[in-house]
Structures are given as C-alpha cells and as structure tokens.
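Participant: Residue-level listing of the chains:
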Amino acid sequence: MSSPRTRIRHYWVALRAMLIFTVALGVLYPLAVTGIGQLAFPAQANGSLAKVGGATVGSALLGQSFADADGNPLPEWFQPRPSAAGAGYDAGASSGSNWGPENADLIAAIEQRKAQIAEFNGVSPGDIPADALTASASGLDPHISPDYARLQVARVAAARHLPEESVRALVEAKIHNRDLGYLGEPTVNVLQLNIALDALKG
Amino acid sequence: MSTTTLSQATPQELEKSHAKKTMATAFNFAQLLNAFPGAFRKLDPRLMWRNPVMFIVEVGAALTTILAVAEPFLGGPQSSGGTPVPASFTWGIAVWLWLTVIFANLAESVAEGRGKAQADSLRKTRTSTIAHRVTGYEASVDPAAERSLTQEVSSAELHLGDILVVVAGELIPGDGDIIWGIASIDESAITGESAPVVRESGGDRSAVTGGTRVLSDRIVVIVTSKPGETFVDRMIGLVEGASRQKTPNEIALNILLASLSIIFVIVTLTLNPIASYSAATVSLPVLIALLVCLIPTTIGALLSAIDIAGMDRLVQHNVLAMSGRAVEAAGDVTTLLLDKTGTITYGNRQASEFVQLADVSEQELIRAAALSSLSDPTPEGKSIVTLADAQGVHVGTSVDGVIVPFTAQTRMSGLDLPDGTQIRKGAGSAVLAWLAEDEPTPSSVLIELETHVEHISQSGGTPLVVACKTSAGVNQILGVVHLKDVVKEGLSERFAELRAMGIRTIMITGDNPLTAKAIAAEAGVDDYLAEATPEDKLALIRREQEGGNLVAMTGDGTNDAPALAQADVGVAMNTGTSAAKEAGNMVDLDSDPSKLIDIVRIGKQLLITRGALTTFSIANDIAKYFAIIPAMFMGVFPGLAVLNIMNLHSPSSAVLSAIIFNAMIIIILIPLALRGVKYRPLSASKILSRNLLVYGLGGVIAPFIGIKLIDLIISVIPGF
Amino acid sequence: MDTLFAIFQVASLVLILALLYHPLGEYMARIYTSTKDLKVERGFYRLIGVEARSEQTWQSYLRGVLAFSVTGLLFVYLLQRFQAVLPYSLGLPAVPEGLSFNTAASFVANTNWQSYSPELTLGYTVQIAGLAVQNFVSAAVGIAVAIALVRGFARRKSGTIGNFWVDLTRGTLRLLLPISLLGAVVLIASGVIQNFNGFTEISTLSGGVQHLPGGPVASQEVIKNLGTNGGGFFNANAAHPFENPNAWTSLLQNVLMLMIPFSLTRTFGRMVGDPKQGHAILAVMATIFVTSLTFLTYLELKGAGTAPQLAGAAMEGKEQRFGIFASTLFGSTSTLTSTGAVNSMHDSYTALGGMMPMINMMLGEVTPGGVGSGLYGMLILAVIAVFIGGLLVGRTPEYLGKKLGPKEIKLASLFILVTPTLALVGTALSFGIPAIRADVEATSIWNPGVHGLSEVLYAFTSAANNNGSAFAGLTANTPWLNTALGIAMLLGRFIPIVFVLALAGSLAAQDKVPATAGTLPTHRPQFVGLLIGVTLIVTALTYFPVLALGPLAEGLL
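Protein chains in written order, with my numbering: chain A, 1 to 202; chain B, 1001 to 1720; chain C, 2001 to 2557.
Chain A on its own, in the form it takes in the complex (with noise of 0.2 Å):
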C-alpha cells in the first residue's frame, strides 16, 4: 500500500499533465487544425458560402427557408424539407422533431403538409415523396429528393411564368448523384437551385 504521500502525489502529476494536455490539444492543436485549414481549403474551412454577386446569401451545405415572414411557402422558390430547427432552419438552433413513430403531433403533421403540398402543387397526396413529408435531424437538411424536386416544377414555372421544360431541364441538372456513385442518396440541394433558377430567369 501507498502511502497517503503518494497518493496526494497523484494528483499533483495529475493537475500537471491536465494542464499541458490542455495546452497541446485544446489550444495548439485547434489552431494548427485551423491554420491548414485555412490556408489549404479556406472554402470549405469558412462554410462553402453560397454568393450572389458578391453578397453572402447562405451556405450551400445549410438549408434556409422560403416562406414569407408569416411561414407560408414562396410559390417561386424551390421548397425545402420542413425544419425543425427554431421557427424552422434556424441556423442557431439545429435540431430534428425527435417525435416518435406513433406521436400524435407528427401524424397530425404529416397529414397537414401532405394536404398542404398537395393543394400548393397541384398534386396527388398520393404522390408526394416521403422526404417532402418529414423534418430532417438537423432541420438544416440543404436537400431534397430529386423526386420532390420534379414535383415542384410545374408550380416553379407557372409562379416564374418560365417554360416548365427549362426549369425542368435545370432540376435534372442539379441532381447530384450519390457520392461516389453509391454513397447516400441522389439530391438537389435547394439553395444552389434556386440560385440558379434566379439566373435562368435572367
């Protein structure tokens, strides 16, 4: 046995190796990390920022909405996924609804936007995607199926009053495929779409 000596001595190593670890790893690792990141890949390491003509107008990796201050959905923009996230994609407050398979809430939900959807679109309830239908787990999901992409076009086009094959011929050019060819699933990142449907229109 040890003496207490040796014991309190544990401690001591204890507090210094917290310290120096501290150092290493808390500050002059994150700051290595940092400085290759942004000298190597400063896009990436600040966000993939999304411009438009010079003015930030979101991150392509992070979902935003479309809906006018009141919540209702913008019949000229591409609609993501619904969000949980805040009063939805609330870049601050990144979230999914965590609502279980049988919650009441989330039945009620999905029938209110499958309703929603179908009379926004023009659309059989029928033959809304599932992803259209349901909150993403962080509630900044940048995606949607290619699917529920297609099922907006129509509505796109006649807000836009664009031809609904170049609109149409624009969402089959966004569709990003799974990631080497396997990984994931296909999808259109909204933001990006509705950035380049802005410069089809000019």
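Hints were generated in silico from the structure; no laboratory data involved.
Hints are all accurate, no fakes.
DSS-like cross-link-like pairs, simulated, lysine-lysine; straight-line CA separation at most 25 Å: (1) B:1678 <-> B:1246; (2) A:114 <-> C:2302; (3) C:2276 <-> C:2157; (4) C:2407 <-> B:1246; (5) C:2157 <-> C:2512; (6) C:2512 <-> B:1686; (7) C:2410 <-> B:1246; (8) B:1517 <-> B:1488; (9) B:1116 <-> B:1226; (10) A:174 <-> A:51; (11) B:1686 <-> C:2276; (12) B:1382 <-> B:1488; (13) B:1382 <-> B:1469; (14) B:1382 <-> B:1484; (15) B:1116 <-> B:1246.
Starting from the known structure of chain A, fit chains B and C onto it as the hints suggest.
Facilitator: Relative to chain A, chains B and C alone:
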C-alpha cells in the same frame, strides 16, 4: 466388534462387490423416499441461506404463501399486468415454489444419503475399542514394552504420540506407526481386500489403520492421529458431506450464479416501478415467479448434489480424497507420473531366455541359473526355475548348500554348493565386481558379455548375469538370463486417450535408461525418468510445475513423501507409510497405481457435470421468458401476444407452467447430477462441441416442449 | 438496386477497416510495448514529474486513472462555471451547476451525453479547451486500461501492469493526435468547417435572415469519432451539415469510430503472443455488428408504424443526403461503439428500429465498443464464456494460460453487474418515485405514452454504458436527470475500470499454464459462437422485460 463381511471375499467376489456399489449409484425411488425427511429439515432458513439461489426461491415461496393466505381477505387475487388471474393461481405458485425448494433439498439429501450408507459401514470399524496404553515407554531400554506397565483406556481417549501394545486378535485402536514388531493384519474392513497384509516397524510398511485387526504377533504402535481425526473419521466426514469444504472452482461458480441472481433480482425489483408508467404493474406472485424462473435454480439446486456425488464416485473406486480441492485438481492434471512397476508392467519380471557365453554350454548356464534361484522366493527367481523346467533342466525342489540372499550392498543372490562352488546371479556390474575380487575378467569375455547385456537392455529386458567360482579357483561368467518386463495389455491405447485429453504421461523407473526407453516405447508413454531416485522425482515434479503443469503421481514409501506433497495430486497407496499418506492428498485403498487414470476421469466428470447443468440452466431462461413476458403484459399490450410463440393457453397458465417446469426439471436431472455427465476421452474442442449441443441447444429447446406440455394439462383446469 | 448500394457501402467500410486492421493493430502494440520514449514525451514526463521506466501495481495504476479523471472532472466543471469570463465564449453566460456537473462527468467518462444544446450553451473555449481535450484523454484512458488488462494476460508472475502516465501519454501523442490531425484536414477538405468566426448574419436568397454558425468543428469532429466520444459541436451532432456534409464524410466518420476498437483486437492478439486470439474476439464483435446493422436497416427500410407509413418511408429525423442506409450504418456504428454520435434522430426511428440502438448499448458496448472499453468489456465476457466452456470440457477454466479462479470470476461478475444495475435502477427511480416521475413526465418526456418510457430507458442505458447517444426528444437538462445521469455515467465508467484493473493485477501475478489438448481452445469458431451466445443471452435476459414495456410494446401493435 468390527465387521468382517468382506474378510472372506476372493478377488472375484470383490469385483462383484464393486459391481454392487455401482448398481447402488443408480437412482431409485426408495432412495428418494428415504431422502424426504432430510429434504424437509433442510428448509430451515439458517441452512438455506448458504445456497443463495435456493434461498431466494424459499423467500419467494414464503411470501407467496402469505399472500395466498391473505388473498381471500383482500378481495381475491390481484390481477396482473391487466389480466385477471384465477382464484387458485397464487396457491398454485406457492405450492410449486415450495416444491422447487424441496426438490433441490431432495437432490442434496439423496446424495448425502448414499454417502451415509458408505459411511455407516466405515463407522462400524470405529466402534470404541480398548487400548493398552504403555506408561513410561523407553525405546532404548525396553523397545518391545514387555516390562512396561500398560493401562487400559478407551480408544476415544487416545492422544497423539501415545504408545500402545496390540496383540493378535485385537483391533488396532487408532491410526499409527509400528515402532516395534511385525504382524499380519486384516485390513479388509477398510480396503475390502481379504488377504492379510504384513506390517512391520521401520521401512515403508509400518503404518497401521485404526479399526483393522492384528491376526498374529504382537506390535508396539505409536498413535499418529487424534481420535476423531483418524483416517476413517476423515473419510466418513467426506462421504457424508459433513466436512465438505467448497472447492475453488465451486466457489467461483457460486459467485457467478450469485451475480446472475443479483442481476435478476434487480430486473424484477425495477420492473414494477418502470411498468407503473404504462399502468402494467405485475402482481407479486407473478413477479416472484418471474424471478424464480430466471435465477439459475437448476444448477443452484443440484450443485451440492453434484459435488457430493463426485466425492462418492471416488470412494466407490476405493479412493479417499483428503479434500474436494484434490478431486478438482485431478481434473486439471496435465502430467501423470506413473511408476513403471505395477502400473505399466506387471509387477514381476519373467525370465524369457538364457543366453550363454561362447565357451559355455547351454545346459551349464541353465543349471547354474536354476540352482541359484531355487531358494529365491521372488517372482523373478521362480520364473527362472520354471523356464529351466520348460527347457528340460530339472534341478529338483531343494538343494544342499548355503543360500546367499540378495542384499542392497551386493546386489546379487546365489548359492554356495557343498563342493565349494559359488554361484551368483545379479546385475552385471555387481557380478563383475565380485569376480574381480580375485582376478579381472578378460576383455574378450567382457566384450561378449557387453553385447548380450546391451541387446537385452535395448529390448527393454533386464539382464541378469550368472557367474560361478569353483573351489579350484576358476572364475567363469556363464551367461545372461533375460528377464522380461511384461507390459500390461491395452496400455498404449489408454495413454493415447490421455494424450487426446491433453495429459502427458511420464514413466518413472529405477531401470537404466536403455531399458526404460524400450519399455516406454512399448507402453506408449510420452516420456520416462530412468534410474529415478526420490530426489529425481521431486525435481521432475518441480520442473513440470514450473512449466505450469499440474502433476499427479502415486507413491508409497516414506521417501516418496516429499514428491507426494509437492505433486498437485498425490495418491498414496494404502500399503504405504503414514508419512506417504499424510503427504499425499488421496489414498488409494486398493493400492493400484493405475487408479490415477480413473481419478483424473472422475475429476473431469465433476467439472463437466457442473458446467453442463449451468449451461442448461441458463439456456432454459430463454423459453421461460417467452412464456412469462407476454403473459405479464398482454393485458395492457395485446400486441405482445406475438411473443407467445408457444401459444400457451392463458397468461396464468403460462406463468404456472413455467414454474412447474422449473421445479420438475430439478427432479428429472437428479439422476444425471448423481451419475455425472458421461466423460469421453476426447480433445477439449470435441467435448465442448458435444456438450454445447446437448446441454446448450438442448437447454434452449427442452423447456419450450416441456412448458407447452404442462400448459396443455393446466389448460383443462377450470379458471386457467 | 438500393440494397446493392447498401451492400457496397458496408463492403467499402469493411474493406477500409480490414486494410487498417493489421498495420494499426501492430502499431498500437508497438506503442504500448516499446521501451523507447520520444523526445517530446521525455520532456513531458519531466514536466509532470513521472519516471517513465517505473512500473505500477494495479492499485497504483488505478489511482493514476482516478486522479487524472477527477482532475479532468474538476477542470471541465470549472471551465463551464467560468465561461462568462473566458475568451471566445460568444457572449454566453456561465453554465449552471447541474448542467456543468453533467457535462463534465459526461466528457470525462468518455460518454459525451449532452443535456445541453451546444449552440446555445457553450462557447469555443469550453468546447476546445475543455471538451475536446477530454475527447482525447478520456479515450486514451480507456485504451490504457484495456492495455493494462492485456498485459495482465500477457505477463507471468508480474507484480505490475505498466505505467498509466506513459500509456496515457503515448496513446494521446502517438495514436490519437496524428490520426486526428490527418483526419481533420480530410474533413475540412470535404466541407467540415474550421474557423473562429462566431455567428455570421446573412440575408437569405428569399430575403430572410439566417445566422450561420462558425467554430473549430473539424478538429473536434475527428476526435469525437476517433475516440468514440460522440459529443457534437452542434445540437444536431453529425446530422448537421457543417459536421458531416455528405455521405462520404459520413463513411469516413464510421471508419474513424471503428478503426481503433476493431484494430485493438489485433493489438491484443499480438501482445498475448497469438494473433488468432485477437481474430476470435474480432469475429465475435464483427458478427454481432453485422447482425445488428442488418436488423436495423431492415426495420427502418420496412418503415413500420403510423407516421412512417403515412409519410411513405421512415424519413422523419433523417437527412436526405444520407437516406436510410447511411443513417442506419451510422446509427449502428455509433451505438455499437460507445460513440453516441448521430447523423439521424433515433427518437424518430420506427419503434423496433429504435430498439436496436438501445440493444446495441445494452450489449455493454463491446461489439466493438468504445476505444479500449470495448476490448476490456469483451475480454470480461470472454472470461465468463471461458469459465462456462472450461467447465464443459472438464478443466478448471483457463484463458490465455491464466486460471480463472474465484477471484477472477468475482471481478468479472461484478463488472457485468454494474451497467445493468445502473440502467435499470435509474429508469425505475425515474418512474417509481412520485415526485421525480411527475417531473419526468411533465418536463423531460417529449413523446407521450410508451415511447416516453423508451426515451428514459434509452437515456439511462446510454449513460450507464457510456455511449451518450439519446432519444433526443428527452429534455435531460433537469436537476434529476442531470444528477442521475451524471452519476450513472461516472459509476458506469469507473467502477468497471476498478474491476478491470484488479483483474489485470490478479492475472499478471499468475504464472501461465501451457495449453494442451485438454485446454479449451479460444480461437476456434466454436468459442466465437459460445462468446456470442454468452454476450447475447446475458443482455437478453437482463433487458427483455423492460424492452417489452418500451419498444416492443410500441412496435408490436
């Protein structure tokens, strides 16, 4: 007076008596009946708490009984998990829980009962006898204690170191060593061996056992064990299970079972608080039923029976273990030291051939060899005469002349004829030394002799050189008698089995390396130690143990004692000295060194039986869960009916069926616990596959069938 | 077609791990057996006052672990309490006492349960100087303890099991730091952010306002996975696009979580002198892993339950870029290792699908489990399996030449008692004490009914097993849950460590028994099967009743 039931038994009868004992191991109804009173006595909680698993069941049984009594006053049975239960349900659970406990006690009682039967016959030898204690014994003045005063005392009052006089016809009052005299002693009461044995002071045959009878002569004995701690006492204690101490492995298993039980206690204790959130609380009887079904009751109930039965099996093989730990260690043995003589070869060597030197006639050699052996009582000597007879040289039955007996110094024996001719036979080096007293043997003869000796040695035989000195002063080497060690039949198969079990056999012999090598090869042992002294033996054991091996050996002499003590399993021969018996941790009453192999088997069987029933017990839980869990919560969550894969009649029936199965399986497995799982000498890997299949998979499947069958019966009871 | 993509995804994960297995396993064995110190290490030992060549008894080793962890606990606690005065705190106030305790306990215990929402609670200083540092060192502590146990098996007649400070230092500097540096750069290149920008207000395309978060994410993300910690920089954890921008980074994070726990089996095999022993442990871990993943994927794909059926797929709480396959893979990996990170919300899984992460944790985090803790947990189960198997072949059981007697079995039994007790008692107290239950029902539980029970059960299972993942609907930032979960995490981490180190000491002191034909072989499929059986049965028997009340009751309607 002592029992002499076996004293007249011939070896054949002895065999039969073994057979009888084996038959007695079969489990029968009468034994069960006899064990019932004991099973009830064991319900005493002060005894039960030593078996934590069964103690939990007993507490559960008591609680359920109280509940069953109180229920009518509390407005009938409480519904459980939202399902109403029939009025007789709580009583049904209570009764079967009590039966579970009783069945467990029954198993132990049956095992103990069988031990008791053996102990009783042993105990008869222990009846109090009158001892003649010598007062003021002085070994230097009066070693035979003929002039000393003796005092009559009861054998129960003897102390360590007391000096006793025992004469023909008397029972020896306690364990001791002969310090003066020689006597023939009937030890049949202990060993079942009818032939009297000779015991004498000094040397390796001096130990006597209390309860045996002196047949002839008068001996002085010093008491070496206190009354109540004699050999027989210890033996009785062991077979009765009274002085049973838990072995390390048993303790470890108990710890594992206890911790599983604790987990399940926590599972049951936390269940209702959690279930209360879903308004699915379970009634107390169902909760207790769940707990009892989950804790490993099968093994918990049978564990002590398994261990007592294991000890018992050893006793049936006429082996006494000084502790359960030794039996367990036997199962772990990785190195067996076997004495060549008696274990690997028949005790005696047989003359198989006479090899004369070039200028000697065959007749001459045979005649000289036969003459020198006429008065030699050893089996070797007799076999030489027999062989001579067979080859047509008859020397009659007696001869004039002076017999020169074998001594350790000369290492020769022989005969001095009246005409002055001296014949000697013995080890080559001894005979040559004898001849060299007069003149050295010519080198040509030496070379020829060497060739023959070498040849015989290499074939595993013992060369016995025969030479003579005539009165005319002519010294002549006549030739060599080939004494052949006869290896017992079927041994190499047995050693191959041991090898498969992972046990290495090492033959110990006093023979020279050449002979040893040849016999080792013939017998199929893995290694040998030639020209072994007791010190060599001890050193070998230490070496093996340093390599992490567990060593078993047999021994009988006082000089074996250190090695016996050092070995992990030291089996002393009953014929051996008390020093040897003290040093070893087992005593073989039959003094059969090959018994080691049986001892190892019994040790392994004990562990396997424990493991098999543990596995079975835990595997059973799966089916019990599928019976009880849906039954508990189906009232609130009808969807859980999907889990009722046995399609049991009703929740109450399911719970009761599981409890009944749980109790019945104990009774059903008692015979297996007592008999032990069959042990086949196979590699560990094969044994594991087999036992996992039988007791693991079997343990998963059996209760599904059993519970379903019981449920079919219960479903006809109204209300269930 | 989709299934094919899923299989490719798993196949590429397996391939990468297989390629890493040998070199990484051997490298780790060298780290912990080398007798040479790097120059920087020598300087470090001088600074902290440790004699690197001196070995410790298990008691002394344990005191080192505890002293270091207690210091870490205080350190992280105080950093949070003084957040208001620390730089780069984004103007956030001091963290309240209860939450500070919970968070400190959580990160020191390698659990990374988060009762808080990081964006709203923690500034950069606490994140990097407090939490990320613990991500490194708590992982290194776990590996050190596992290595100490392996030394117990490997050594003979030894009174010591290594030097904790050396193991801690080497694990951090030679293993975790270099991989983290490399991994962080790859993550940044793939889109993970790394800056100190704070929140940036921007005007969105449609004219709204959004506050884009910044932060040193990549440096923390990599070690959060590599050290199987799991605490996210953001509330949404690895579902947040800034932490995990695409399916490729998601796969990479799977690799980071699994590489050390799996490869440690190679280290184990190498150190005990028989790589086949390591392969057997690996086979057990991998078999359960693949089975569990298959079940979860099947269940989520099937999408049973009212809401998923109504929506057409179980996409609630899942990101479009991951879809179901990359979500279930991440969910399985993160709960079968003790990471607890999420790239989809487990609370919104189908009822039976949500049961799988719970079962994964209930297995005791051993397949492959946390860094170090997975190996030692599995070795403890192996001790139990060998004990039963050894009896079945008629030998006093021995594992790797070490006899398993009463002492060893006692320690192993106590080990397996700890986490089920904590998980079940914690859940039972939450519902059994009326005042607490009222609070839990009113404040904490997010989904009413049976699912709420699952949320609480999940929380205590996660805390006791040091996973840290959550049925995140549960509001855990309450006095009861902060305290109870904090205690569960600390006890669930350090009590088992006491038993593991005691076992290591006991084994190291033993001589080695040579293996013979009578010895139970522990490298064959047969033993792998036995160990899988023991692992599953012990778990199933313990948790079946509560699972029946939670996810089974919800899913088997």
